[in-house]
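Residue numbers (the numbering used here), protein chains in the order written: chain A, 2 to 656; chain B, 168 to 496.
Hints in this document: simulated from the structure, not taken from any laboratory. Cβ atoms here follow ideal geometry from the backbone N, Cα and C, with glycine treated the same way. Just to be clear, a hint being listed does not mean it is correct.
[To be verified] Computed list of chain A residues with no C-beta within reach of chain B, every gap over 12 Å: (1) A47; (2) A48; (3) P68; (4) D140; (5) D172; (6) T473; (7) Q484; (8) V491; (9) L505; (10) T587; (11) R594; (12) E596; (13) A603.
[Said to hold, decoys possible] Just so you have them, the derived chain B footprint on chain A, three or more residues with Cβ under 8 Å: (14) 241-255; (15) 309-321.
These are the residues of each chain, in order.
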Amino acid sequence: MNPVSLLVFRFRSLLASFTLAVSLLCLAHVTVFPVSIQAAEVGYPAAWLEPAQTASQLGITSFTQSPVLDESGLPPVAQRLPDDPPVIFPNDAIGSYGGIAHIIADDRGMLIAADGLFTISPDLKTILPNLAESWYYSDDGLTLTVTLRKGLKWSDGHPLTTEDILFTVNDLQLNSDFMPVTLPDFIGLELHAIDSWTFVINFPKPRPFFINYVAQSPEYFLMPKHYFRDFHPEYTSPDVIDERMEELGFSSWSAFMTTSMQKRLFPDLVNHPTMSAFKIESLSPGLYSYERNPYYFKIDPSGQQLPYIDAVEAQDVRENEVAVAKASTGQLDFAGVRLPTQDIPLLKLGEQSSGIKVNIWNRLHGSDLSIQANMNYADKQKRELFLDVRFRRALSIAINRDEMNEIIYFGRGTPRQVTVVPGSDYFEPEFATAWAQYDVEAANALLDEIGLHDVDGDGIRELPDGSRLTLTVEYVNTETPKQVSMELVVSYWQAVGLDARQRLIDRELQYSRAVSGELEMTVWHADRTTDILFPINPDFWVPRKLAASLAMWSEWSRWYLTDGNLGEEPPPNIRQLQIWADELATTMDRERRIEIGKLILAANAENLWTIGTVGLAPQPVVTSNRLMNVVEFGLWGWDIRYTMPYHPATWYFAQ
Amino acid sequence: MRKYVIRRLLGMIPTLAIISIIVFVVIQLPEGDIVTSTLDQLSATGVDLSDDRIQNLRAQYNLDQPLPVQYLAWIGNFITGDMGFSYLYAQPVNELVWERLGYTLLITTCALLFTWVLALPIGIYSAVRQYSVADYAFTTIGLIGLATPNFLVALILMYFGYTWFGLSFGGLFSPEYLNVPWSWGRFRDMLAHLWIPVVVIGTSGMAITMRLMRANLLDELKKPYVITARAKGVPPLKLLLKYPVRIAINPFISTIGLLLPALISGEAIVGVVLNLPTTGPLLVQSLITQDMYLAGSLIMMLSVLTVVGMLLSDLLLAWVDPRIRYERA
Chain A
2 MNPVSLLVFR FRSLLASFTL AVSLLCLAHV TVFPVSIQAA EVGYPAAWLE
52 PAQTASQLGI TSFTQSPVLD ESGLPPVAQR LPDDPPVIFP NDAIGSYGGI
102 AHIIADDRGM LIAADGLFTI SPDLKTILPN LAESWYYSDD GLTLTVTLRK
152 GLKWSDGHPL TTEDILFTVN DLQLNSDFMP VTLPDFIGLE LHAIDSWTFV
202 INFPKPRPFF INYVAQSPEY FLMPKHYFRD FHPEYTSPDV IDERMEELGF
252 SSWSAFMTTS MQKRLFPDLV NHPTMSAFKI ESLSPGLYSY ERNPYYFKID
302 PSGQQLPYID AVEAQDVREN EVAVAKASTG QLDFAGVRLP TQDIPLLKLG
352 EQSSGIKVNI WNRLHGSDLS IQANMNYADK QKRELFLDVR FRRALSIAIN
402 RDEMNEIIYF GRGTPRQVTV VPGSDYFEPE FATAWAQYDV EAANALLDEI
452 GLHDVDGDGI RELPDGSRLT LTVEYVNTET PKQVSMELVV SYWQAVGLDA
502 RQRLIDRELQ YSRAVSGELE MTVWHADRTT DILFPINPDF WVPRKLAASL
552 AMWSEWSRWY LTDGNLGEEP PPNIRQLQIW ADELATTMDR ERRIEIGKLI
602 LAANAENLWT IGTVGLAPQP VVTSNRLMNV VEFGLWGWDI RYTMPYHPAT
652 WYFAQ
Chain B
168 MRKYVIRRLL GMIPTLAIIS IIVFVVIQLP EGDIVTSTLD QLSATGVDLS
218 DDRIQNLRAQ YNLDQPLPVQ YLAWIGNFIT GDMGFSYLYA QPVNELVWER
268 LGYTLLITTC ALLFTWVLAL PIGIYSAVRQ YSVADYAFTT IGLIGLATPN
318 FLVALILMYF GYTWFGLSFG GLFSPEYLNV PWSWGRFRDM LAHLWIPVVV
368 IGTSGMAITM RLMRANLLDE LKKPYVITAR AKGVPPLKLL LKYPVRIAIN
418 PFISTIGLLL PALISGEAIV GVVLNLPTTG PLLVQSLITQ DMYLAGSLIM
468 MLSVLTVVGM LLSDLLLAWV DPRIRYERA
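Given these sequences and hints, build the entire structure.
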């Protein structure tokens, strides 16, 4: 770690303890929480669970627009909307136009939901039409035919057609200059257009969940060809492109295009057409201003073009503490991503004085912590130990999850293993509860059985050969409350005689060490646990990916990824998992799919490849009192892009 | 004299060349690079740091080239005034730096003036009235200021700024003035916010300045020439300001050189907490993410300013203090 980041790091922990002290002070005053609302009881509009009806189906014939567009000189709203616009029902009430929403930059993806070909239902399972009107798979799952809505337009008024999709996939994702390593989801795809609204994707093997991927990562499928063709060597001469890149400072057109695709905030972004409800209007140091997209394609049931809100101002806030302070004093209209669970009391205090609403959503993480012991670790003795299922079980049952839930989550989380969320088709209750009971005696018995005894009488267990045993957990304290959790976990392990230690490391180190298998033990958060992403990314249960989040079996993953050329051949039971995962992603038989998914999860329940602590944790979501139509309870997570199913375009300001 | 300046200027070239190499190498020393850290930022929104994406980005950003090639490309452009491209912000470093430099200079200059206007007179007073009640009081306040971490003062002032004056948290402007052209109202709004960073940054240097001034002056006040002058009936204030203060102030002049780089990096942590649109947070961010062109260029700017500043200090000192001039001649 370099000196400055070290300084920042130290200062962060100081800051954190200061905030903790303040929170504790506040806890003394605030003790009452509203009773948790269960997802099932939440009354979302029924329309959200179905494909959106269109204006013609509902008999809407006249359309209106925000008054700010009246003098804009644009074509009339009816011409800007698609031929038959989809109608989105608001959560509570029909809204009215106007207002600027103030948020911090990290929440912009939540207030300005990504709009892609498909969208995700709040049931966390169903993929619904969005820009695409319909689609169907061939029976063998090898062909997907998608039809776009007619008359869709980019934010500059240019029509959206199959050309744009073809450009994004054929000229970018499958272009070896742009993507030297083709992303696994695109390998072998063949795309062609039937007409301006219909295109066909041919897969090399069945891909029933391809639409999940498109719905969840719309950015990778939607680039405006009419804008970006001027930057692409297929359409523009290299000299012209070089000149443009020189001007913008980019080293290559592909770097420029990647930056655009990632929706990074950079100056040229103001020129890029978008399909989202808002388009960026200006960037200045620390502030990003968005204005409404006058060509946005959705309307409300009274024929008003969405969104209701006219503009968004997003401030760059780098410190969580400042984000919390701003949110709790009512300076933000919407905040979520930078609000730690621990600050709920502080925010609740603000609720009484600052005109804000603090809603407690549930995080979609199957478990806030995924504790991983490296079963491919270089040290032979450690590796053997970690490969021993009794050891992993002992580690798990030594953890007092109820106490963690009380101390860290105010009792509002759910103690559970790393597995899918309860509403999932693949869920069985025992996947969450297996080896999750708190049983010190049994843990001690298991450790004794393995031969880890306290030989020298210092209260700490030694390895069977009498040599010293220390467990070092190295991790990055990010996204979920890992540090405070690990402090407890380490104390539980010490209580059963294990010399456990923890160490925070740099993010870079986490990545490089995880991928090269150098982390002895680590911690990540278990996302990808809904039916949207689990079937395509069963990452925590099957070794098939090299990533910062997966440090327990890098060599088996490498073996899988390189078709056996590199890495280590996994033992038969692990190999079976990989075979199952391949079948899960490709089978068109729904029954079989669920059967395999459950087999994979059951294997984890039995073997604990990774150990969970508390999941479905409370996530504070703060809104200003004037912001209406935000759901009171939702699920918060990457799988559904945080707010995608809850239609932020329908949020409005009370007059 | 001119010869001396030219010699010093020429001497800077190898110094800066060595610094540039060290900077570039040190930035690259830790594991990972800008690609893993930008992806990591994206992973706050859930993108996983998977191997294939990282390889693609490295190739796109020419990060797969050997280090010396990258260094030569960077330093060659730096000399011609092109500071390269910030991967983190996806724009040329020049644009990034210049648009923030104005605010940085404004805040740090105000803070410096704030420090000196308060600390120097207090230091003088404390020395003249050593061990008086006021001396103890100022010393205590000054030491508390020195001992309290900057960011804590920033947080506390932000809190009071909000509860007493209704100021928004952080930044230099209220939300309604954030994105409008300059006007009288916007200027006043900025002044209303400006005092927080100025006080925070100013107080951190206050105690040291105060105590240094006090100590230096105490040394001088005991010297025979002061006693002689006093005995001869020179008016006390004139005596104080014309002789001992002038000498006691020398150490400050010799550190003016160090103030130049502090103008850019001094408010880093405070800038992060207060969300200031200044260069400090830019530097911190670029170092954390190993955005090498941005970090390298900022540090090179700091180095140039330090080296130039030291020269300026020496010249200024020679100008203020005749003794130094005579020694050198």
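Comparing the hints with the structure gives:
Its beta-carbon lying about 29 Å from the closest one in chain B, A47 of chain A satisfies the requirement of being farther than 12 Å from that chain. For A48 of chain A, the requirement that its beta carbon stay farther than 12 Å from each beta carbon of chain B is met, with the minimum near 27 Å. At the 12 Å boundary, the C-beta of P68 of chain A stays outside the reach of chain B, the nearest C-beta of that chain being 20 Å off. Against chain B, the non-interface label of D140 of chain A holds: every CB pair exceeds 12 Å, the least being about 31 Å.
With a minimum CB-CB distance of about 15 Å to chain B, D172 of chain A clears the 12 Å threshold, and the non-interface call stands. Annotated as non-interface, T473 of chain A keeps its C-beta farther than 12 Å from every C-beta of chain B; the closest such distance is 17 Å. In this structure Q484 of chain A is separated from chain B by more than 12 Å, as the shortest Cβ-Cβ distance comes to about 17 Å. The beta carbon of V491 of chain A is kept farther than 12 Å from every beta carbon of chain B, the shortest such distance being approximately 24 Å.
Distance check on L505 of chain A: its Cβ is at least 14 Å (rounded) from any Cβ of chain B, clearing the 12 Å threshold; non-interface status holds. The Cβ of T587 of chain A sits about 20 Å from the closest Cβ of chain B, beyond the 12 Å cut-off, so the non-interface label holds. Listed as outside the interface, R594 of chain A is consistent with that label: its C-beta sits roughly 23 Å from the nearest C-beta of chain B, beyond the 12 Å cut-off. Listed as a non-interface residue, E596 of chain A keeps its Cβ farther than 12 Å from every Cβ of chain B; the least gap is roughly 27 Å.
Distance check on A603 of chain A: its Cβ is at least 25 Å (rounded) from any Cβ of chain B, clearing the 12 Å threshold; non-interface status holds. Under the rule that three or more residues need a Cβ within less than 8 Å of chain B, the assignment of the segment 241-255 of chain A holds, with 6 such residues. With 6 residues having a beta carbon nearer than 8 Å to a beta carbon of chain B, the segment 309-321 of chain A meets the requirement of three or more and the stated coverage holds.
This entry satisfies every hint, going by the numbered hints stated previously.
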